[in-house]
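S.K.: Taking UniProt numbering, I'd label the letters of the sequence shown as residues 1 to 143.
It should be emphasised that the hints constitute simulated quantities derived from the structure, not laboratory data.
Note that the structure is predicted; figures quoted are calculated from it, not measured.
The beta-carbon is built from N, C-alpha and C at its ideal position, and this holds for glycine as well.
One or more hints might be untrue.
Claimed, not checked - Pair by pair, the computed Cβ-Cβ distance ranges are: (1) R40 - T105: 13 to 23 Å; (2) E110 - L87: 17 to 27 Å; (3) K29 - N95: 19 to 29 Å; (4) Q30 - E110: 31 to 41 Å; (5) Q30 - S109: 30 to 40 Å; (6) Q33 - G77: 29 to 39 Å; (7) Q30 - G57: 14 to 24 Å; (8) Q33 - R74: 20 to 30 Å; (9) Q113 - Q30: 27 to 37 Å; (10) K29 - Q113: 35 to 45 Å; (11) K97 - A55: 14 to 24 Å.
What the hints assert, rightly or not - As a list, the in silico EDC-like pairs of lysine to aspartate or glutamate whose alpha-carbon atoms are at most 16 Å apart: (12) K45 - E110; (13) K29 - D56; (14) K97 - E110; (15) K97 - D56; (16) K97 - E116.
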Amino acid sequence: MLAQSAFITVFAQSGTPGDVNNTESKRGKQPHQRVCVACRRSRPKPAFIRVCRAADGTGIRVFAEALENEASRRVHGRSAYICRDSLECFSYVRNRKRLGGALRTKVPSEVYQACERLLKAPGRTSSPSPVRSTTKQAEDSET
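Produce the complete structure using the sequences and hints provided.
M.R.: Rendered as structure tokens:
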């Protein structure tokens, strides 16, 4: 469990969420994929906000960049990913406390505020990402 003195660090970099030009693996076969904790969609790393609980106990950090950045790669620990282009995914994660479950710790409100600031930042795309459907009819109506 995190101590009360844990800090939150927010890292941001410009770029479009779906930019996958620099995310191919070293062999050049397929880009690295991650899964959103809300909608469960598998997408390339830059399409997500990464929330990481540092393994060394220094706190929870929020990253919103193409995860090839050195600052992001240096933080080892348990991570959760939220779609960068979807306020629906973020509200689902916040309302159902999915982030705390994914990180296996209590998540302070400052982390949610930092994620919300990154999602509402100018220049973000607004293509909605559907939250996980439970019926076949709901999936058919989205297409």
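S.K.: Hints broken by the structure, by number, lowest first?
M.R.: 3, 6, 7, 12, 13, 15
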